[in-house]
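Engineer: Listed below, chain by chain, are the residues.
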Amino acid sequence: MSTVKRWTLAILVDNEAGVLSQVSRLFSRKGYNIESLAVGTTDSPDTSRITVEILTDIEHITLLSNQLRKLFPVHSVKMLDEDNSIRRELIMIKLLVSTGERRSEIIQIANIFRAQIIDVSLGSITLAMIGDEQKNQGLENILKEFGIAELVRTGAVSIERGIQTIYDKTKERGEFDYGKNVL
Amino acid sequence: MKMRGAAILMNCLLEQEVDTIFGYPGGTILNVYDELYNYRDKIKHILTAHEQGAAHAADGYARSTGKVGVCFATSGPGATNLTTGIATAYMDSSPVVFITCNVNENLMGKDSFQEVDITGISMPITKCNYLVKSASDIADVVREAFAVARSGRPGPVLIDILKNATAKEAEYEFLPREKHYSSGRLETLMKRASDNFRTPSPDEKDIDTLVDMIKESKKPLLICGGGVVRGRAQSEFTEFAEKIDSPVAITVMGGGGFKGRNPLTTGMIGMHGSQASNMACDGCDLLIAVGCRFSDRVALNPELFAKQAKIVQIDIDRSEINKNVQTDHHIIGDAKKVLSMLNERLESQHHDEWKKYVFSFKTETEYDEGGNTLTPKQILSSIAKLFPDDTIVSTDVGQHQMWAIQHFHFDYAGQLLTSGGFGTMGFGLGAAIGAKVGNPEKTVIHITGDGSFRMNCNELCTEQYYDVPVITFIFDNRTLGMVRQWQNLIYNKHFSQTTLDRGPDFVKLAEAYGLKGKKVSNVAELEEAIKEAFEWGHGYVVDCMIDMDEMVRPMVNGGGHITEFIIK
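So the protein lines, in turn, are chains C and V.
Under numbering that gives the first Met the number 0, the first residue of the first sequence is numbered 0, with each subsequent residue one higher.
Under numbering that gives the first Met the number 0, the first residue of the second sequence is numbered 0, with each subsequent residue one higher.
Careful, some of the hints might be misleading.
Said to hold, decoys possible - Restraint ranges, calculated between C-beta atoms of paired labels, are given here:
{"#": "1", "chain 1": "C", "residue 1": "1", "chain 2": "V", "residue 2": "522", "range": "55 to 65 angstroms"}
{"#": "2", "chain 1": "C", "residue 1": "5", "chain 2": "V", "residue 2": "347", "range": "44 to 54 angstroms"}
{"#": "3", "chain 1": "V", "residue 1": "119", "chain 2": "C", "residue 2": "3", "range": "29 to 39 angstroms"}
{"#": "4", "chain 1": "C", "residue 1": "158", "chain 2": "V", "residue 2": "261", "range": "50 to 60 angstroms"}
{"#": "5", "chain 1": "C", "residue 1": "141", "chain 2": "V", "residue 2": "119", "range": "54 to 64 angstroms"}
{"#": "6", "chain 1": "C", "residue 1": "147", "chain 2": "V", "residue 2": "496", "range": "49 to 59 angstroms"}
{"#": "7", "chain 1": "C", "residue 1": "147", "chain 2": "V", "residue 2": "493", "range": "22 to 32 angstroms"}
{"#": "8", "chain 1": "C", "residue 1": "1", "chain 2": "V", "residue 2": "166", "range": "35 to 45 angstroms"}
{"#": "9", "chain 1": "C", "residue 1": "158", "chain 2": "V", "residue 2": "348", "range": "28 to 38 angstroms"}
{"#": "10", "chain 1": "C", "residue 1": "5", "chain 2": "V", "residue 2": "43", "range": "48 to 58 angstroms"}
{"#": "11", "chain 1": "V", "residue 1": "411", "chain 2": "C", "residue 2": "40", "range": "45 to 55 angstroms"}
{"#": "12", "chain 1": "V", "residue 1": "342", "chain 2": "C", "residue 2": "154", "range": "48 to 58 angstroms"}
To be verified - Selected chain C positions facing chain V (in silico; Cβ < 8 angstroms):
{"#": "13", "residue": "2"}
{"#": "14", "residue": "17"}
{"#": "15", "residue": "19"}
{"#": "16", "residue": "21"}
{"#": "17", "residue": "24"}
{"#": "18", "residue": "66"}
{"#": "19", "residue": "69"}
What the hints assert, rightly or not - Straight-line Cα separation of at most 25 angstroms, SDA-like style, residue types lysine to any residue; simulated pairs:
{"#": "20", "chain 1": "C", "residue 1": "69", "chain 2": "V", "residue 2": "49"}
{"#": "21", "chain 1": "C", "residue 1": "69", "chain 2": "V", "residue 2": "202"}
{"#": "22", "chain 1": "V", "residue 1": "361", "chain 2": "V", "residue 2": "566"}
{"#": "23", "chain 1": "C", "residue 1": "69", "chain 2": "V", "residue 2": "518"}
{"#": "24", "chain 1": "C", "residue 1": "29", "chain 2": "V", "residue 2": "202"}
{"#": "25", "chain 1": "V", "residue 1": "109", "chain 2": "V", "residue 2": "136"}
{"#": "26", "chain 1": "V", "residue 1": "518", "chain 2": "V", "residue 2": "454"}
{"#": "27", "chain 1": "C", "residue 1": "69", "chain 2": "V", "residue 2": "217"}
No lab work stands behind these hints, which were simulated from the structure alone.
Beta carbons are placed, not taken as given, at the ideal position from N, Cα and C, and that holds for glycine.
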């Protein structure tokens with residue numbers, strides 16, 4: 000039995016209706032809960048990039064990747080190595096504040112974390128921060144003491160370090176294009 | 000030229016040289032059927048009794064001819080009735096294009112009459128599917144759909160066209176098939192792929208590695224899977240097997256991929272595999288599976304399956320590698336191509352001792368000859384004796400299916416039509432009709448059980464109306480035989496809901512449909528019935544009465560080790 004850990008998949012897909020449900024169906028079919036999901040267009044408006052994180056082992060993640068590659072709207076799938084890629088997530092936290100003292104305490108914490116204050120009203124303050132998992136978790140843990148009214152995460156996006164890109168042609172990609180066998 | 004969407008669809012079908020469609024009309028697909036009326040000289044439409052029958056017929060047509068089958072249905076229930084047929088085609092990699100129409104765009108998503116999200120429903124059971132909202136998209140989509148269905152690992156594709164798209168006009172230019180790849184989205188798909196996309200070539204190093212492995216092997220075993228049949232790689236596979244001088248086990252889907260009469264054949268492998276196949280699998284040192292995905296009915300227990308051997312998988316679909324069984328080496332490519340590359344590099348081998356060992360086990364089950372009562376073996380022997388060797392055999396699912404595949408020797412790809420992956424009872428009659436329509440010069444028989452036949456026997460009317468002379472043999476044991484067999488062996492003889500002591504009288508049923516039939520309970524009656532069927536020349540039903548407790552032998556329990564026969 001191989002070990003279960005967090006895997007990050009970067010998936011390039013056609014930017015059209017129904018693609019996300021085709022992709023997510025493969026995860027639900029195997030009974031995996033998606034830990035994190037982020038979708039957005041790339042430099043080409045016809046292409047979207049889906050970043051998915053799930054907890055599983057190497058055998059299953061390989062099978063899943065192979066099946067994802069078979070979907071016609073999927074251009075490429077890359078398993079991102081945690082040691083060799085950068086992972087970021089945006090987190091927004093709304094806190095209810097009744098006193099100015101409370102507010103300035105929160106602002107101080109925000110400054111330490113380099114979080115931005117994106118909204119202030121008489122009764123509330125909202126922070127936004129981009130960071131990796133530990134940093135975001137750290138901010139969340141401290142602000143818990145102040146009573147979090149609402150918290151939202153975008154889901155993580157990842158990109159490889161160095162010159163490697165998801166567009167690189169590898170033997171693997173050639174094989175998978177063939178596996179999809181359009182012609 | 001400007002024409003309405005439905006006419007574009009017809010012309011696109013003509014581009015694909017489609018001459019036969021199986022289907023069933025309805026409200027939303029009316030424009031298409033209206034246009035079909037204008038093309039009735041060029042495209043033949045077979046109206047079935049039920050959409051499921053149409054789906055199986057298109058599937059049987061595709062499997063037997065190697066062409067792409069086409070099936071029409073309307074929205075809502077018409078579309079959902081197709082789903083079992085689509086899933087059957089998907090599991091067995093059969094190229095069929097299903098075309099459904101959906102409600103008008105302004106009614107979409109409003110739970111309109113006969114509206115269903117069929118692209119959503121069919122997502123897991125199609126290679127890909129399309130929702131077409133505009134007449135100008137029809138040509139591109141149909142061209143792409145056919146390319147997808149027939150290429151690589153074939154499979155079903157569904158196109159759902161909105162009713163208003165079939166009515167509106169758009170520009171259409173005839174485009175011959177070879178030019179499709181440089182038009183529309185297909186062109187983009189081609190560009191997206193890597194350089195080796197057009198002429199996909201198996202990796203030379205992978206081939207060389209396998210050649211070395213074969214040279215080292217003393218006890219090789221080949222598995223002929225459905226990929227050999229779909230890839231029509233029979234001659235390459237035969238050359239390969241004879242060069243290595245290796246025994247060949249055949250899966251259910253591989254039937255016809257390697258001649259059943261070839262002396263290297265060890266018969267079927269798996270749950271009801273022959274002793275020779277299963278023992279060879281347990282004794283070989285190199286197992287080469289061609290176009291076989293090691294389903295649980297073949298590998299049974301993936302942990303124990305041929306664990307003493309090096310396992311090599313040759314498959315066109317990358318996602319099949321290591322899916323069910325961990326392999327030691329794999330080659331990705333088309334069976335025909337890979338095998339001919341291997342054949343070029345291989346020198347003849349000899350494995351007499353190993354073959355002697357393997358063929359010391361039975362390659363076929365020795366069933367009771369039977370006395371006065373009719374046995375499955377007698378029925379199949381009589382059929383084999385009286386029908387031409389190239390007869391196309393379509394089966395349903397259950398005991399009769401296993402008996403037929405164990406007993407008959409299939410000679411060519413497309414001769415055996417059976418639902419191996421999905422196990423669809425009720426597949427056989429539709430498939431037989433489709434096969435006969437696609438191969439009018441060949442004899443087509445349909446082997447079924449009383450349980451399976453009862454499911455879709457309504458297609459007898461299609462057989463009668465279009466005069467498709469299929470001869471149906473019902474292995475009538477008045478029970479769901481395969482389930483009863485499990486209940487007999489594993490479930491303490493609790494025959495829960497498997498006894499079918501009920502009508503109809505199948506002979507009278509055939510007569511009610513305007514066909515003929517005969518109930519037979521011994522060999523003389525059976526052979527007389529077959530002769531009568533030949534003379535009659537139209538659809539015919541032979542109701543063969545066999546014993547309730549006949550079993551398919553041998554049998555290995557699901558998840559068991561391949562040599563642990565619970566009955567021999």
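Engineer: Each of the hints needs a verdict: does it hold here or not?
Structural biologist: Cross-check of the supplied hints:
A hinted range of 55 to 65 angstroms for the beta carbons of residue 1 of chain C and residue 522 of chain V is consistent with their spacing of about 58 angstroms. About 52 angstroms separates the C-beta atoms of residue 5 of chain C and residue 347 of chain V, a value consistent with the hinted range of 44 to 54 angstroms. As the Cβ distance of residue 119 of chain V to residue 3 of chain C is approximately 31 angstroms, the hint placing it in 29 to 39 angstroms holds. Distance hint check for residue 158 of chain C and residue 261 of chain V: the Cβ-Cβ separation is about 55 angstroms, which falls inside the suggested range of 50 to 60 angstroms.
Separated by about 44 angstroms at the C-beta atoms, residue 141 of chain C and residue 119 of chain V break the suggested range of 54 to 64 angstroms. At about 56 angstroms, the beta-carbon gap between residue 147 of chain C and residue 496 of chain V stays in the expected band of 49 to 59 angstroms. Between residue 147 of chain C and residue 493 of chain V the CB atoms are about 58 angstroms apart, so this pair departs from the stated range of 22 to 32 angstroms. In this structure, residue 1 of chain C and residue 166 of chain V break the distance hint of 35 to 45 angstroms, their C-beta atoms being roughly 56 angstroms apart.
Separation of residue 158 of chain C from residue 348 of chain V is about 51 angstroms and departs from the stated range, judged on CB atoms against 28 to 38 angstroms. For residue 5 of chain C and residue 43 of chain V, the hinted distance range of 48 to 58 angstroms is satisfied, since their beta carbons lie about 56 angstroms from each other. Residue 411 of chain V and residue 40 of chain C have their C-beta atoms about 50 angstroms apart, which keeps the hinted 45 to 55 angstroms range intact. For the pair residue 342 of chain V and residue 154 of chain C, the supplied restraint of 48 to 58 angstroms holds, since their beta-carbon distance comes to about 51 angstroms.
Against a cut-off of 8 angstroms between C-beta atoms, the interface hint on residue 2 of chain C is violated, since the closest Cβ of chain V lies about 17 angstroms away. Taken as an interface hint, residue 17 of chain C checks out: its beta carbon lies about 7 angstroms from the nearest beta carbon of chain V, inside 8 angstroms. Hint on residue 19 of chain C is violated. Least Cβ distance to chain V is approximately 12 angstroms, over the 8 angstroms limit. The interface hint given for residue 21 of chain C holds, since its Cβ lies 6 angstroms from the closest Cβ of chain V, which is under the 8 angstroms cut-off.
The beta carbon of residue 24 of chain C is positioned within 8 angstroms of a beta carbon in chain V (closest approach about 6 angstroms), and the interface hint is therefore held. Restraint check, residue 66 of chain C versus chain V: the minimum CB separation of about 5 angstroms is within 8 angstroms; hint holds. Contact between residue 69 of chain C and chain V, as hinted, is supported at the beta carbon level, the nearest pair being about 5 angstroms apart and thus within 8 angstroms. As the CA atoms of residue 69 of chain C and residue 49 of chain V are separated by approximately 32 angstroms, the hinted pair breaks the 25 angstroms bound.
Restraint check for residue 69 of chain C and residue 202 of chain V: the C-alpha separation of about 20 angstroms stays at or below 25 angstroms, so the hint holds. Of the pairs offered as hints, the one joining residue 361 of chain V and residue 566 of chain V holds, with about 14 angstroms between alpha carbons and a cut-off of 25 angstroms not exceeded. For a cut-off of 25 angstroms, the pair hint linking residue 69 of chain C to residue 518 of chain V is broken: about 49 angstroms separates their Cα positions. Our distance criterion of 25 angstroms between C-alpha atoms is broken by residue 29 of chain C and residue 202 of chain V, whose separation comes to about 31 angstroms.
Proximity of residue 109 of chain V to residue 136 of chain V is assessed by CA-CA distance (about 24 angstroms); at most 25 angstroms being required, the pair is judged to hold. Using a Cα cut-off of 25 angstroms, the hinted pair residue 518 of chain V and residue 454 of chain V holds, with the two alpha carbons roughly 19 angstroms apart. Distance check on the hinted pair: residue 69 of chain C and residue 217 of chain V sit about 37 angstroms apart at the alpha-carbon level, beyond 25 angstroms; violated.
This entry does not satisfy hints 5, 7, 8, 9, 13, 15, 20, 23, 24 and 27, going by the numbered hints stated previously.
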